[in-house]
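Two chains, two frames, a set of hints: combine them into the complex.
Chains as they are written, first to last, in the working numbering: chain A, -18 to 208; chain B, 158 to 488.
Simulated from the structure, these hints should not be mistaken for laboratory data.
Please note that the accuracy of each hint is not assured.
[To be verified] Once the Cα atoms are required to be at most 25 angstroms apart in a straight line, the calculated DSS-like pairs of lysine-lysine come out as:
#, chain 1, residue 1, chain 2, residue 2
1, B, K377, B, K405
2, B, K248, B, K283
3, B, K256, B, K283
4, B, K203, B, K256
5, B, K203, B, K292
6, A, K125, A, K97
7, A, K63, A, K97
8, A, K178, B, K425
9, B, K354, B, K204
10, B, K426, A, K97
11, B, K426, A, K63
12, B, K203, B, K354
13, A, K20, A, K72
14, A, K97, B, K431
15, B, K207, B, K292
16, B, K256, B, K292
17, B, K425, B, K203
18, B, K426, B, K405
19, A, K32, A, K131
20, A, K97, B, K425
21, A, K178, B, K426
22, A, K63, B, K425
23, B, K354, B, K283
24, A, K97, B, K405
Here is how the chains run, residue by residue.
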Amino acid sequence: MGSGSAIRQWDERFNQGEHGWTGEKQEECSFDEMPQMVKAFGGWEVWKDEKGDYTLVRRGEVVGIFHEAIVEEDRVLFLLNKGMELEVSEKGVREIMTPEKAELCGMIGADGGCRKQHRYNEERGHWYAYIIAYYSEDEELIEKYDELFKQVYNRTPHHYRSHGDLIQSGIFQRDIYYDLEQYDIKPAPYEFHVPFKYLDEEGLRAYVRGFFSGDGTVGYDRNEGNW
Amino acid sequence: MIFQCIKGVSYTGLTYPNSFCRLRVYCPKGGKPRPAPLQVGLLRSKKVAKVGFPKFVPQVDIRDSRSWFWRDGVDLPAIFAPLWQLLADEKALSEARSKGLHDYLGYNGEILLSTVMPDEMIDRLKTEDYFDLIKDLRPDAAMVPDNYTYTDVPLYQSWSQTIRLVNLANDFLDLDIPLIGLIKGADPHQIRWVIEKQVEMGYVSFAMPARELHREGLLKGWLRHVRQMLGGNHAMNNELLVYGVGQKLNGETHNMCYSNLSWFLEAKKSHCYKDGVFYEIIDPEIRYEECNCPACKGLMPQEIYDMRDRESELRILVVHNILDLANSLSR
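Bound-form chain B, shown alone (with noise of 0.2 angstroms):
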């Protein structure tokens, strides 16, 4: 990145990085010193009580009620609630701190707090935040907080945040909850190193952040050097949940456990699942296959589609995407 700024990169707009860039402790031209390398604490060892993922965690968005499933009579064991969308809410996050999320949400099932957060955000809060917060919400399970790790930046920066999610999850030990590790890496260097860590911590249960390594195709070599490690270490006894990908991956994944919103998200598009794959609601492949499921009751999307009542037609597809999500991912 560095190298394509001096090339002649520009960014224009509201995010012209002139006054925030990340990079500038790196930049040749004129940047601040570099800070001094982060040490990796005396990390401690105790035995982390396993979360027992389902096969699907449907995330869901807690500043839009449309994607709490629950209301609709749908009945899933567990969710992930984003600490971020909290944290840009002020109103809500002092409402849901004084109930707790169980309260505030009305969900009877397990909620597991997601710590996956815009980049600003993990660098805003502190151990001593994240207890807090923990503390007052109530969760059921937390994940250790995230980090970034770019495969396209100097490996100090990624490195860094590393060392900070693994001096991190040994501050987390201190809680009394189950907890979920986090697999992240801008190489298999760094992923192989922080799994080895927490394992050693005593973690059992991990989520890997694979949205965008899905997408820029480097998920699948990865996840299988991953499912080796978690494998090896501890004889099978780690459990795996893959974060933020829409669909079952093909290949060896057995075992797996998925969480995403993609069911919300796809329906808020008018997108429908069928058999774990989404397709546009007037697709010729689906639009005239009645649907049995409990939100559609045999009607066809073409017919939900020609309700011509947007809020009716996302109700409808919400329902009816985290039950085909739910029951593919399952499979």
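Just chain A, with the same shape it has in the complex (with noise of 0.2 angstroms):
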């Protein structure tokens, strides 16, 4: 099948294993086989090599290698890319958010929008604009929008100004848009989705404060007696 750049193949086949820029080689490559089981859940083991390198393996076979894993008491999460982790358990393996990238989509269901548009130039034939953007008048806002979005896509959006105070922090980016649009988090306009999928309980938290930070408040009605 491959033909082209092989580095963008893997990028593209792979989502999860987008190549980052380290600067330094920090350790030689080594393929000598690793001991010391960490965690086992149904057929799901975790090992831990000398080095550090956590291997996930299922029924003999290695699904993969991490650097990082965090090792609780009922599960073992791996970092993956773009704001997401493995979780492993007894219930099996999922993807879930981080809560940065929750908070994230929170922000964007509430305020935010994810679409892409068709444009059209001589030059250049039918293409689309694939722009993620976050619109608010408060720029304290904005600054944490920007902060989490570089947290979890490691970019910085660009600040529009164009009706009154209103700031619009977007960036046109396709990889980032079709990452968010799988999760279906602004459907339409005005409507937004929760993906429960994808969220554990630090991340519902995390999504909510997102979402609050945006739209709507809790108050206590003094009227009816409830909050």
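Next comes the structure, spelled out in structure tokens:
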């Protein structure tokens, strides 16, 4: 199947394996196998080698090798890219969002957008612009959004000012658009969808925090006598 | 790639290539010894039957019957059936092997077997495996086995793969069905060599997997080169099919055929083709334009979207897209 760039194809086929520039090589490649089991859940096992790398094994086959893992009592979390974690527990394996990504999705669900627009010009022909944006008049919120975006995608959005004090913090990036689009967080204008499937308890809290940063409030209704 | 690796590109996640990096044999940091170079076998020659590609040969997703367009009354003369999808699904493979592809798919047109497949599968199959599969699946024509030729890995690898392709094309001459030669290479030298050898062996129908080359902006230049080679070698008796590109290419592309699965993949993303270009279904450019194709029957994309029924939308878009693409690529 392969032609063109191997690096690019590798990235596209396995988007969890996106390469990142580390500046200096930290360690020599080693092809030696590893000992020491850290956890076992059902058919899944987590092993740690002497270099500190974690190997996830299912029925004797290596599924992946990770530099970092968070080992908790009832689960192990492996950090993937684009703000995702692989959760391995008795219930099996699933991908969940980091709290930062969950909060970012909450903010976009409330006051943001994730859309593509058809464009045309003579030189380039037909093409699509992929836009991920957050809108607010509050500079503090914009700063918070930028910070989360940077943590999750390692990119800094641009700021555009149009109507009055409204600031748009936006970025044109296809891979990020498709990453967010799969969770369907913003099905249509004025609609939102909570990606429950990808949220653990901490993620849910973060999502709600992000969402209420934009829309809504919680308060006590004196007339009704309830919250 | 090795250079970057030494300089410090690290991979994390499921694909961290510590244990399965394909470039290990070239790695100066503890790789295995490099194998001896492959040799080109004694090449034979035979008059290979011409496939006679229609202008558009849709690929189908064997594992997803929603792409089996003939069930919706669309009549196209040929399809490409990807072998790798069967290999990835044991149950489907055993059923297809026992019934043959025609009965398995329920398709009466020509079934061309595509061997374009993920690299790890390419490495697993030998000539005998292909022969057994072709014997059981009974396609009307088959591609010679695929290879991988990347532009950013050591040329040793792409040349090994290119020589392997030519050797396998030589073995495939034992088959008694029309065969499709493959045009692949990491640079114009390899492309030239692989075409020359296959033409010498008697191949006249060629497919050029071009998805990545198109995306990386290499296709146009290389295609010109390929067309010159094919035209010059055989007095235009050869036929060429561009495989994996979802739109008509600009420039000198007459007498060129296309094959892709874009019509189905885009339908799954709620994209709607118009004159060979896909749009989002609610794109202002097309959303209020009535379409009178047999699938839309006068509906506007907006009305299809308003159905809010994902399955009905998909069924309409699948048929609409394939008809539009067949029409625009045939012009």
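Indices of hints not satisfied (ascending): 4, 17 and 19
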